[in-house]
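Guided by the hints, dock chain X onto chain B, whose structure is given.
So the sequence lines, in the order shown, correspond to chains B and X. According to my numbering, the first sequence is numbered sequentially starting from 228. According to my numbering, the second sequence is numbered sequentially starting from -1.
Hints listed in this document are in silico derivations from the structure and should not be mistaken for laboratory results. Given the structure is predicted, the values throughout are model-derived calculations rather than measurements. We put the CB at the ideal spot given by N, CA and C, even for glycine. Check the hints yourself; a few may be wrong.
Said to hold, decoys possible - In silico contact screen, one side only, chain B against chain X (beta carbon under 10 Å); selected entries:
id	residue
1	V231
2	N258
3	F260
4	G285
5	I287
6	P288
7	D325
8	S331
9	G332
Claimed, not checked - Covered stretches of chain B, going by a simulated chain X footprint (3 or more residues, C-beta under 8 Å):
id	region
10	243 to 253
11	316 to 323
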Amino acid sequence: DVKVTQSSRYLVKRTGEKVFLECVQDMDHENMFWYRQDPGLGLRLIYFSYDVKMKEKGDIPEGYSVSREKKERFSLILESASTNQTSMYLCASSFYGDGYTFGSGTRLTVV
Amino acid sequence: GENVEQHPSTLSVQEGDSAVIKCTYSDSASNYFPWYKQELGKRPQLIIDIRSNVGEKKDQRIAVTLNKTAKHFSLHITETQPEDSAVYFCAASRGNTGFQKLVFGTGTRLLVSP
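This is chain X alone, in the form it adopts within the complex:
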């Protein structure tokens, strides 16, 4: 089955710096890659996702890149702010007929210091 590895487990940056979180997946048939942000005491929330027919996707200060050949994808946050501090999870799934069963990475705790 699918296995998703995520690095680093913790990441500390200064406000205004960029942050990059990387994930690798094992199943070459995976075609959907979402990222979730979980603030302390709150539910994980989808912040951006990418499908295998696209190499990059941006939404304001966040972007995700996908390298299908290497089977890895990354989350990029530019101009980080203290409110970006949270745990971020990547995930991957293979949805053939539409059913998506996500396999999650172990999470990255991002701390943005003012």
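Just chain B, same shape as in the assembly:
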């Protein structure tokens, strides 16, 4: 069974902390994505990557950065967490031309 694994299911962080969200896929997919999911807003794309060390901004990249040093791993970094970054974060991966496989999500609360 193909898998996308997000390292944490729940996280609570303090304002101003640097936060790392990790995502690992075992499907040898080229493409990886980070979305945030908020009620009434659907899934909004933060960053994506189509190859190792490649990254592209999505629709809401402000306050975030990413790292993709290995094909299977895509990390989302909140440089200085703020309360408006409290959300559900979903990682996904895909092979060219196919639909996404999502991870289980990380619910981040910033206090």
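Chain X only, in chain B's frame:
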């Protein structure tokens, strides 16, 4: 860029009824339209998808139709069951050389009452 609108935001039906969720997209070059189902507390999962060279696709009780001229596509669920209760997301993308960056609708919460 692409914009996807989804309606309704909530939909309540009785078990056995049909349910229809509609989406419109703005980019006429979009060519891939998947639908995802997200049960409470779980990850979104792909349930059906359609490409722009096809007008309709069925898989048991679910079907998707695509009208490229009007730039809209719909999810149809027949003989609904309580386990169909979930949030459904439509999405669209333009994959030219194979890279698919999906733009999602805002979701429809479907409640099927026994």
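Task: Violated constraints from the hint list, given by number and in increasing order - done: 5, 6, 10
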